[in-house]
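Going by the working numbering, the sequence shown opens with residue 16, and the numbers climb by one from there.
Keep in mind that the hints were calculated from the coordinates and are not lab data. Fair warning: there could be bad hints in the mix.
Unchecked claim - With a straight-line cut-off of 30 angstroms between C-alpha atoms, the simulated DSSO-like cross-links for lysine-lysine are:
#, residue 1, residue 2
1, K138, K72
2, K138, K127
3, K38, K82
4, K126, K112
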Amino acid sequence: RPPLNLLRQELAGTTIYLEILHKSTVHNGANGSSEETNGSSVESDQQEKLRSLAEGKLVSFCGNILKEASDLQPSNGETASADIHRVLDLRAPVIMKVLNGMCIMDAQIFKKHLREFYPLITKLICCDQVCVVLWR
C-alpha cells in the first residue's frame with residue numbers, strides 16, 4: 016500500500032497538470048492572444064502548436080488514467096479480489112479528478128476524441144453494473 020502522502024502528491028500533481036492542460040487548450044481570441052497583421056487578426060502558429068500539443072497530452076493523460084482503472088476491473092466471470100478493490104479505492108480520487116476534468120474539457124476536443132474515451136468510460140461503468148447484477 017503506497018503511503019498516504021504519496022497519494023496526496025499524486026492527486027495534487029494530477030490537479031495541477033489537468034488545470035495547465037485545460038488552460039492551454041482554451042481558445043483566447045478576444046484577449047490578446049492574436050496578432051494584428053495587415054488589418055486582420057491572425058493567431059500565431061506558436062500558440063496553435065501549443066494548443067495542439069496540450070490537447071494531445073490532455074487526451075493521452077485522461078485516456079491512460081481511465082485505461083488503468085478499467086484494466087483493474089474484473090472481467091465478466093472473474094471475482095474481484097480484495098487487492099483490486101484496495102487499489103481502486105486508493106486510485107479513486109485521481110480517477111474522479113480526471114472524470115471531472117473531462118466534464119469541463121473543451122466540447123470540441125471531447126467530441127473529437129469521443130471515439131477514444133467512449134470504450135474506456137463504458138468499461139468502467141459496465142463492470143460495476145455487472146457485479147451488481149450478478150449479486151442479485
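Hint-by-hint comparison with the structure:
1. Between K138 and K72, the direct Cα distance comes to roughly 22 angstroms. Compliance with the 30 angstroms bound is thereby established for this hinted pair.
2. The straight-line distance between the Cα atoms of K138 and K127 is roughly 20 angstroms, inside the 30 angstroms bound, and the hint therefore holds.
3. Of the pairs offered as hints, the one joining K38 and K82 holds, with about 24 angstroms between alpha carbons and a cut-off of 30 angstroms not exceeded.
4. Annotation: proposed proximity of K126 to K112 holds, straight-line Cα distance about 20 angstroms (limit 30 angstroms).
Hint check: no violations occur; every hint is consistent with the structure.
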